[in-house]
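Trainee: Here are the chains, one letter per residue:
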Amino acid sequence: MRVGVFICHCGNNIAGTVDVAKVAEETRKIPGVAYATTYMYTCSEPGQEEIKEAIKREKLDRIVVAACSPRMHELTFRRTIEKAGLNRYFFEMANIREHVSWIGENRELNTKKAIEAVRMAVAKVMQNKPLYSSSFKINKRVLVIGGGVAGMQAALDCADGGLEVVLVEKSPSVGGMMARLDKTFPTVDCSICILGPKMVDVAQHEKIKLYAFSEIEDIKGYVGNYQIKIKKKATYVDWSKCTGCGACMEKCPSKNAYDAFNFGVAPTRAINIPFPQAIPKKAKIDPKYCRQFTKGKCGVCAKICPTKAINYEMVDEIVTEEVGAIIVATGYSLIDMEKLPEYGGGKYPDVISGIQYERLLNASGPTAGHIVRPSDHEEPKTIVFVSCAGSRDKSIGIPYCSNFCCMYIAKQAILTKDHIPDSQSYVFYMDIRSPGKGYDEFTRRAQEEYGVHYIRGRVSRIYPKGKKMVVRGADTLLGTQVEIEADLVVLGTAVVANSDAAHMAEKLHISYDTSGFYVESHPKLRPVETNTSGVFLAGACQGPKDIPASVGQGSAAASKVQALFSKDMLESDPAIARVNINTCVGCLKCVSTCPFQAIKDKELKDGRVVADVIETVCAGCGVCTSTCPCGAIQLQHFTDNQLLAEVNALCQM
Amino acid sequence: MPDVALQQELRIIGFLCNWCSYGGADTAGVSRFKQPTDLRIIRVPCSGRVDPLFVVKALLNGADGVLVSGCHPRDCHYSDGNFYARRRLEMLKRLLPFLGIDDRRFHYTWVSASEGARWQETVTNFTKRLHELGPLQLKKEVSS
Amino acid sequence: MKWQKFSKDLKENQTGMVEKEYGYYAGCSLEGTASEYDTSLRVVLNTLGVKFREPDDWSCCGSTPAHTVDHVLAAALAARNLSIVEKSGLDTIIAPCPSCMTVLKKAQYNMKGSDDFAAKVNQLLDEPYNLGVETKSALQILLEDVGLEAIEKKVTHIFPDLKVAPYYGCILTRPPQLAQFDDPENPVSMDKILSAAKINVCDFAFKLECCGAAFGVPKRDMVNRLTYKVLSMAIDAGANCIAVACPLCQQNLDLRQEQVNRTMGSSFNIPVLYFSQILGLAFGFSPKEVALDKLVVGADNLLKNRLTVEEWEKMREAEAQAKKQKGKKAIEKDEQSTEETE
Numbered sequence: 001m002r003v004g005v006f007i008c009h010c011g012n013n014i015a016g017t018v019d020v021a022k023v024a025e026e027t028r029k030i031p032g033v034a035y036a037t038t039y040m041y042t043c044s045e046p047g048q049e050e051i052k053e054a055i056k057r058e059k060l061d062r063i064v065v066a067a068c069s070p071r072m073h074e075l076t077f078r079r080t081i082e083k084a085g086l087n088r089y090f091f092e093m094a095n096i097r098e099h100v101s102w103i104g105e106n107r108e109l110n111t112k113k114a115i116e117a118v119r120m121a122v123a124k125v126m127q128n129k130p131l132y133s134s135s136f137k138i139n140k141r142v143l144v145i146g147g148g149v150a151g152m153q154a155a156l157d158c159a160d161g162g163l164e165v166v167l168v169e170k171s172p173s174v175g176g177m178m179a180r181l182d183k184t185f186p187t188v189d190c191s192i193c194i195l196g197p198k199m200v201d202v203a204q205h206e207k208i209k210l211y212a213f214s215e216i217e218d219i220k221g222y223v224g225n226y227q228i229k230i231k232k233k234a235t236y237v238d239w240s241k242c243t244g245c246g247a248c249m250e251k252c253p254s255k256n257a258y259d260a261f262n263f264g265v266a267p268t269r270a271i272n273i274p275f276p277q278a279i280p281k282k283a284k285i286d287p288k289y290c291r292q293f294t295k296g297k298c299g300v301c302a303k304i305c306p307t308k309a310i311n312y313e314m315v316d317e318i319v320t321e322e323v324g325a326i327i328v329a330t331g332y333s334l335i336d337m338e339k340l341p342e343y344g345g346g347k348y349p350d351v352i353s354g355i356q357y358e359r360l361l362n363a364s365g366p367t368a369g370h371i372v373r374p375s376d377h378e379e380p381k382t383i384v385f386v387s388c389a390g391s392r393d394k395s396i397g398i399p400y401c402s403n404f405c406c407m408y409i410a411k412q413a414i415l416t417k418d419h420i421p422d423s424q425s426y427v428f429y430m431d432i433r434s435p436g437k438g439y440d441e442f443t444r445r446a447q448e449e450y451g452v453h454y455i456r457g458r459v460s461r462i463y464p465k466g467k468k469m470v471v472r473g474a475d476t477l478l479g480t481q482v483e484i485e486a487d488l489v490v491l492g493t494a495v496v497a498n499s500d501a502a503h504m505a506e507k508l509h510i511s512y513d514t515s516g517f518y519v520e521s522h523p524k525l526r527p528v529e530t531n532t533s534g535v536f537l538a539g540a541c542q543g544p545k546d547i548p549a550s551v552g553q554g555s556a557a558a559s560k561v562q563a564l565f566s567k568d569m570l571e572s573d574p575a576i577a578r579v580n581i582n583t584c585v586g587c588l589k590c591v592s593t594c595p596f597q598a599i600k601d602k603e604l605k606d607g608r609v610v611a612d613v614i615e616t617v618c619a620g621c622g623v624c625t626s627t628c629p630c631g632a633i634q635l636q637h638f639t640d641n642q643l644l645a646e647v648n649a650l651c652q653m
Numbered sequence: 001m002p003d004v005a006l007q008q009e010l011r012i013i014g015f016l017c018n019w020c021s022y023g024g025a026d027t028a029g030v031s032r033f034k035q036p037t038d039l040r041i042i043r044v045p046c047s048g049r050v051d052p053l054f055v056v057k058a059l060l061n062g063a064d065g066v067l068v069s070g071c072h073p074r075d076c077h078y079s080d081g082n083f084y085a086r087r088r089l090e091m092l093k094r095l096l097p098f099l100g101i102d103d104r105r106f107h108y109t110w111v112s113a114s115e116g117a118r119w120q121e122t123v124t125n126f127t128k129r130l131h132e133l134g135p136l137q138l139k140k141e142v143s144s
Numbered sequence: 001m002k003w004q005k006f007s008k009d010l011k012e013n014q015t016g017m018v019e020k021e022y023g024y025y026a027g028c029s030l031e032g033t034a035s036e037y038d039t040s041l042r043v044v045l046n047t048l049g050v051k052f053r054e055p056d057d058w059s060c061c062g063s064t065p066a067h068t069v070d071h072v073l074a075a076a077l078a079a080r081n082l083s084i085v086e087k088s089g090l091d092t093i094i095a096p097c098p099s100c101m102t103v104l105k106k107a108q109y110n111m112k113g114s115d116d117f118a119a120k121v122n123q124l125l126d127e128p129y130n131l132g133v134e135t136k137s138a139l140q141i142l143l144e145d146v147g148l149e150a151i152e153k154k155v156t157h158i159f160p161d162l163k164v165a166p167y168y169g170c171i172l173t174r175p176p177q178l179a180q181f182d183d184p185e186n187p188v189s190m191d192k193i194l195s196a197a198k199i200n201v202c203d204f205a206f207k208l209e210c211c212g213a214a215f216g217v218p219k220r221d222m223v224n225r226l227t228y229k230v231l232s233m234a235i236d237a238g239a240n241c242i243a244v245a246c247p248l249c250q251q252n253l254d255l256r257q258e259q260v261n262r263t264m265g266s267s268f269n270i271p272v273l274y275f276s277q278i279l280g281l282a283f284g285f286s287p288k289e290v291a292l293d294k295l296v297v298g299a300d301n302l303l304k305n306r307l308t309v310e311e312w313e314k315m316r317e318a319e320a321q322a323k324k325q326k327g328k329k330a331i332e333k334d335e336q337s338t339e340e341t342e
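Chains as they are written, first to last, in this note's numbering: chain A, 1 to 653; chain B, 1 to 144; chain C, 1 to 342.
One or more hints might be untrue.
Derived EDC-like pairs: lysine to aspartate or glutamate, alpha-carbon spacing no greater than 20 Å straight-line [stated by the list, open to error]:
no., chain 1, residue 1, chain 2, residue 2
1, C, K154, C, D236
2, B, K128, A, E105
3, A, K220, B, E132
4, A, K220, B, D80
5, A, K129, A, E571
6, A, K231, A, E506
7, C, K192, C, D203
8, A, K417, A, D393
9, B, K128, C, D115
10, A, K589, B, D80
11, A, K347, C, E209
12, A, K220, A, D500
13, A, K347, C, D236
14, A, K567, A, E529
15, A, K467, C, D116
16, A, K600, B, D80
17, B, K34, A, D19
18, B, K128, C, D236
19, C, K192, A, D316
20, A, K231, A, E217
21, A, K465, C, D203
22, A, K233, A, E321
23, B, K34, A, E105
24, C, K229, A, E338
25, A, K170, A, D201
26, A, K465, C, D116
27, B, K57, A, E116
28, A, K140, A, E116
29, A, K347, C, D183
30, A, K229, A, D316
31, A, K220, A, E506
32, A, K468, A, E449
33, C, K304, C, D161
Everything labelled a hint here was simulated from the structure, so no lab data went into it.
As the structure is a computational prediction, the values presented were derived from the model and not from experiment.
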């Protein structure tokens, strides 16, 4: 066995705090190591060439690279040695950057640690066996979860590329947050006018199967072959009959239902179509408010419906879809205003959130585009906008910036002036964050052309005084306290993850951060991939994002799926469990512990029963290996011998 | 932390799951969260892959402490591998004193890929704890 | 410093049973300017069956001046008292004065957070303090340990004319990592306790505003302005009485009203009571028994209308009956309109 070890300087990243020459010198003393050298950037093209040449020159049959994290470059180097004719599993990485040079300050101790890391990797690689992947067929259908602008873009791009798409949206209509906006910054385009055609495309595209008012119940399978259970929630209206005429909504006697689409700005009917441009334009009953459900009698809508679509007996339905990849575009929520008691959120009717104000501005909103105070329906003249309402506030657990509030507040201030020319808007801000194309010019316009008064400082308290709301804050540029008597206060409420984001992540087996946003594979280089192959991210479920960024990610995720589906067969990871039928005693403990039901019992010719791994189902977790009482089932590449070789390498030092 | 580094290094082995904790340790590295240097990390696909015997073997063969870290419960890349890990490792923790090993020398925890700071805290605290206990001297711990 | 996440859902005692005995740290105010707080709180605690005793030989907590001079010495003043309580075998101390409470909690917090600091403090003490005493405000004891239900059970009298603005002042719930009680920006504990005692409580936006008390001597004009704001907001909120839980707040809002009226041209005449005085009255004690005679702005007018719970319930029943009649008509009307649409 001739092991070659390549120790990377990674510029100064490793060599700065690790004596790489010493590591190489010590490595050469390890039995089995035939060659050890250092290189400035091993992952560079000449670096990889050096490995290939050394394999031939030194007749190396096992390779160790001591460099960065294997999560970063394991695949790169596996390909390199494969090109040089070695099996790709005759390779190990020693992580001496993230786990050594970047976290330790003492050069001597770091060097010692790096040497031991290499020693462990050498011990493991000497135990490695060649592994060969097999290929399996993939189901070229894609599931998109969430029908906001990111999800719709992803669905349309996939469908236009010829893939069959299953789009699941939990609310009754696609469109998401963008459908609620009045205008978009910085062009002041009508939001629904540019989104509407996309929504219609989604509904009419022959390759897109839309499940509105549906939720993901369960996800089983792996990249290429997922089985999805979708719960179609009961709408109590047969959508195959409903024509969206709206007669039921007009006559419904229950007039105080909560309007989720309008964020409760005004009540709606118990049976409703959320907004005029809704896709699908179908009615649904909210049983919390419907008199037929709450009082057991009414039936007005059933009588009035011209197509007899009402069905009070309807129940949730579960359907199953099979797909090969998943795009997650579940979007975001806004912080509950009651979490901001100093601003009187949820307590004073004239303190509203930005999205509620958006609905007041919108011509198809509950006030038909007239700005009125919720308390007395009078037109406000003094409007105060509070940015960072919850954002960048560690004390309520939201340390991050919500990304787009600065911009939409500037837009809303401009629109306010358009709607009410004799109004005066004030904006309290911490910093104006306007880094997009044309964004800074836009916020400048708000100040210079529209006379919006920007005050740099935070608001400490909002309280009522007669009919007015007094906004008290600091003006840090003037160094004084300011109090503004406002008619209406709009809070730029913080963007937060959906309340069920964690639950969804658990179904998808993807990670989420402490704020509940999904974690991408690499923050710079793999922004739409997750660590679970076959699952991709788009839009604000990964972090607060404005429309162009969400659309960009939707397209990016779609192109990733296209790339994945460009082959007919996928190569399986050969690092899966394998049974040694000679030592298996047939206790079948592994069968009951396997999280994927990937192990079955099998009867041999001699009548003996042993465990048998279904190759395409095994995900390679290794739970079975640590369950097996006689070591008969071994997870390839992480066998007992391989891991114990690492332990022993350490303990013998 | 510096006072830990100045002492004689101990032999601490960490078994980290590939998806969460190994990523968390990477995140700590990328964020340059300084840590004591005693820990050596072995990458495993899942904390459920960690056979309690690995831990025992490490401790009997010369390790002074063993740390196992996986994904948070319910957040396992393999559905419920970490539940198996939790059950086995908790059993092991209670068994260690019978082998004459102080159970504080073994610790299992959950760190996600985004929790670099939590990883730093975990490593620092565990290393500090082991330095308080000193090197594992099997005969001595058995007799005491 | 990592800020503890505070919870809006207050813990409440469900059983209403208080078994243990508490230390009672009156502090200097309650022996002097705020003796009515002391008198009334003792009456309330006794009624609710809370056992408490004053620590022997307690000393000054250090309050505001000490920590501006030396943090270790200031903590030692507080820790001495905590140590006495600890030695006497108690694990919780009631500190009715928020100033005392903050100082005691701060000493505990800092000593717990740093062994080094704790050692320095303990060096100054005769008996080292082992961090075994929790400090709670009177409100916290009533809400968490006694419970609203127990309070409600003891109510014998109702004052229908009383409309109370609960005023918490600046330090009762802040800073949150020290107080560990109620919401630092929108406290509701006093609202809840008074409501449990069937007192009308109004939504008071300035419940946390600074009254300026600490600057009463050097910056009188500023304090007048701040006090004016608090008082006028209470009136705007529809209150005819302010409830407080801090001797300094009470003194400032009550004693200074005359001065405010003179300088700001106002005509305030709004009584400022300790919440414990109000509770005592609701529990059936006489104004004298809760030392109401110590107020500068008298509350007699508001207390004239005094009903027993039975009388009050009868009255409410009658009101509800009338309302029901009205409601029935409305529903009938509603149903008619529904039928019309059909």
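Trainee: Provide an ascending list of the numbers of those earlier hints which the structure does not satisfy.
Mentor: 1, 3, 8, 15, 18, 19, 24, 26, 28, 32
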